[in-house]
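Numbered continuously in full-length UniProt numbering, the sequence shown closes out at residue 128.
Everything hinted at is true.
Each pair of labels, with its calculated beta carbon distance range: (1) ASP27 / GLY62: 42 to 52 Å; (2) GLN40 / LEU104: 28 to 38 Å; (3) LYS115 / THR42: 28 to 38 Å; (4) THR118 / PRO97: 19 to 29 Å; (5) ARG30 / VAL100: 46 to 56 Å; (6) SER110 / ALA25: 44 to 54 Å.
Hints are computed from structural coordinates only; laboratory data are not their basis.
No residue lacks a Cβ here, since even glycine has one placed at the ideal position from N, Cα and C.
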Amino acid sequence: DNRSLGEYYLNDSGLFVVPDPWKPAIDTERLGNFIANEEQGTFTDYGYILRTSDEWQRVHEGQPVPEQYRVMAYPAPEILREESKVQPEAAAPTKAPQPVTPILLNGQNSAERMKEITDRLETGIQEL
1 DNRSLGEYYL
11 NDSGLFVVPD
21 PWKPAIDTER
31 LGNFIANEEQ
41 GTFTDYGYIL
51 RTSDEWQRVH
61 EGQPVPEQYR
71 VMAYPAPEIL
81 REESKVQPEA
91 AAPTKAPQPV
101 TPILLNGQNS
111 AERMKEITDR
121 LETGIQEL
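Whole structure, please, built from the sequences with the hints as guidance.
Next comes the structure, spelled out in structure tokens:
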């Protein structure tokens, strides 16, 4: 909300240098409203978003997710721990996996591309 945005800019962003005794005199809701209008920002269910000139950075693309960010059950149930220690007797021979073929889309708009993807998925399912 505007008040939280104003408080962030006033107290945490480092963009405003205001003596501490003066801060209570600032209407943080009006400040947040002014900032949101100036930045053309939008409040969402997930926070505040605005367009910047910063480029998108893909931090973990192609790398394993660091342990502290993984979502998993902890601790693992005893049964699963014991099962993981047992080696399978003789695994049945498996077929070699089919090569992955990238989908190159030719559609001119999102509706055409979505139809193309759906058609490819249906074809793949029928082949199975």
